[in-house]
Amino acid sequence: MSSTITRIRLGAVAVAASVAVLAGCSSSSPSTKTSAASCAPAKGKVTLQYWNTVPGMDKVVALWNKKNPDIQVSTKNISNDQYGILSNALKAGKAPDLAQVGYDELPNLRTQSAFVDASACSAATAAKSKFVPWTWSQTSFGNTGVFALPQDTGPMALYVRSDIFKKYGIAIPKTWDEYAAAAAKLHKADPKLDITFFDPNNAEWFNGLLWQNDSQMYSYADNKWQVTVASEQSKQVADYWQKLISGKLVRTDLANGSTQMYAAYQKDQIASYVGAAWGYSMFRDNLPKQSGKWTIVPMPTWGSNGASGDWGGSTVAFMKGGKHLYESVKFNTWLNTDPEALALENQLGGLYPAANAGLQLPALSKGVPYYNNEKIFDVFADSSKKINTSFAWGPTQKTVNLALQDAMAKAAAGDGTLYDALTTAQAAALKSMKDQAIPAAAGK
Amino acid sequence: MTDIATRAARVVQSPGGRRRPGGGGPRAGTIFAFVIPFFLPFVLFYLVPVGYALWQSVRVVRRTGGQYGTSYTTFGGFEQYTKVFQNDEFWSSVGRIGLFGIVQVPVMLFVALVIALLLDTPLLKLKSVFRITAFMPYAVPGVIAAIMWSYLYSPQLSPVVDLLNDIGLKPDFLGPGAVLWSAANISTWLWTGYNMLIMFSALQSIPQELYEAAKLDGASNWAIAWQIKVPIIAPSIILTTVFSIIGTLQLYAEPAVLRQISSNISSTFTPNMLAYAVASGNNYQQAAAISVVIAVITFVLSFGFMRLTSKRAGL
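If you read the sequences in order, they're chains A and B. The numbers in the working numbering rise by one with no breaks, and the one at position 365 of the first sequence is 365. Plus 1000 on top of the position in the second sequence (first one is 1) and you've got the working numbering.
Incorrect hints may appear among the rest.
As the list claims (entries may be wrong) - Cut-off 27 Å, straight-line C-alpha distance, at most; resulting in silico cross-link-like pairs (DSSO-like, lysine-lysine): (1) A:Lys224 / B:Lys1083; (2) A:Lys66 / A:Lys43; (3) A:Lys243 / A:Lys267; (4) A:Lys192 / B:Lys1170; (5) B:Lys1170 / A:Lys243; (6) B:Lys1170 / A:Lys248; (7) A:Lys431 / B:Lys1170; (8) B:Lys1083 / A:Lys188; (9) A:Lys398 / B:Lys1170; (10) A:Lys185 / A:Lys289; (11) A:Lys267 / B:Lys1170; (12) A:Lys66 / A:Lys45; (13) A:Lys166 / A:Lys45; (14) B:Lys1083 / A:Lys434.
Stated by the list, open to error - One-sided excerpt, in silico: chain A residues whose CB lies under 8 Å from chain B: (15) Trp64; (16) Ala264; (17) Asp268; (18) Gly367; (19) Asn388; (20) Ala392; (21) Thr399; (22) Gln405; (23) Tyr419; (24) Asp435.
No wet-lab data here; the hints were simulated from the structure. Each residue gets a CB set at the ideal place from its N, CA and C atoms; glycine is no exception.
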């Protein structure tokens, strides 16, 4: 055995990946099969493949399988490398019937022709009324079809250590201006205390903040994608956080969900958290000793604009590998709108449902003991209603996010600003689209 | 992948060595049967992926119109390679790795050599204990080692940082200037014992009479070490250097793990990380081209080093 073996194996990711896709290499001619899917029920028993990343999803599926002997579903957890596995499977022609895909990755996969249009099934188009509007418009790409059904969302809110704010006599901020003022006061009162942290490695989070301020990063006009990652609205958000970073009023050395982050909260070094609905269980499960010290309030707003943002959330997409569209629609609809299924997903996987029915779940209207029995989901439900419905993601979001993160890290280290990071991300977006032969231009 | 090690070893031991005549005849079938277990996986998991990567690297994505369109790939000649050569991030990652290697490889191998020489002196007691201790880090998987060190580097969690803070030092192991060397430290920790063992094995095979003769001639332990032992085990040192050059260019696990806790490691920190980032952006063809260029650089550097040193050493 040699040392090189291990190192090469770790390193040669690209080579390993190519083995996986060897079975079915990409065709060299344009595919003529578009979305001419039909919606005829299968004769006899079928088994659907459903790949996901949610803990406990096998139990939800077991419930379905018990009730539907003719439409059996088998699950596979792909949380390890979700999009890597999906892209490889697509390239190899081995995609499942259904797969979990985040909202921000939908356009990306659509440009890889990953989905089938389920609008041939009336049950799929009829599901529209059952979902929070913005989630539907993202999965239907502005009503050009039905490519996925929304599963969960991440409406944002402000998690506050109310005991710390009370101790220093600072009111809980309602606007970003008040938040910046509170940051300065807290830091002045205790130099070891910061109001929050800015995670430079988390573009998804930052995108949520941009979304809140109506940053329309992508649109389609004149037969081209119009890219405006570095818009005026984005600049306002970037400049705001740049000020906090430059003033050393926020930490920049913590990654969301890391042991280091929890340690900092544990040591009372940070007084608030700008987070999403699904984050409620993170604090509950990782900082049990701080039970009763947290409260959840609406996220700070930009002046009188009351809009909120969204961070994360997923859909269950109809993948190209599917041969049983009728059955897939049936299962997918049940999975994401049936109260029994939604309750189980919330309980086991911490999902905050995208279906309207989910917002009325008994489990989501009760007080949560960790948060002083406050009805925290009311805050998220309210936030969910205030999310800008027209926000759209770009077709090469992953590359843009990586470029944004690399540049945000530089800004956090004092090399450039967050606005520079946005212009870098804009350039990366245009370049990556060019590489994928997607017509694109810098928007105004 | 073992073949790389064995091939390298073979080349080092007999550079340009003559092949034995023979093969064929009635024994060919038997030889073939013995070779198959090696040859089949070698073709399947080595030659075929390399061929596939080469094929991918000369293709480009085209698209039919519309907002999302339908993509297809077609022959693109050297287009992907041109992009690699024009990519500043690629060259800065190669430069970073070059700096890493120029510092880390000599330090690691020097330490390994010193430990090997110490273990080989009759002065040292409890040899097997020392040998095991020095070799032990190698038993730790690279990713685990990186996670372990990331805890030691992390200001939030590390007892080492706490201790240094107490005596008035404020180290920032994950800072922009330091993080490359923090990664180098993990590599050094992991591989020194391994390299030491190769050198030590070579030392063990030196006949004792040589030392006795040298002692009769009045050579000191110091002189024996540097003027007899080191030149004799030169092939092993060259071998470990080649391994280390290859390992350096393939560097992935250590910075990838440290990246989780330090924002000073970008997604394109090493060439392999860049290839991975590009592949995860669905640009398989570009990632393939990057991988091929890395492989060629690795080949040129390691074999170039071997040719250079074996000529110098007169091997």
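Notebook entry, point to check: Hint by hint, which ones does the structure fall short of?
Noted result: 7, 8, 9, 13, 15, 17, 18, 19, 20 and 23
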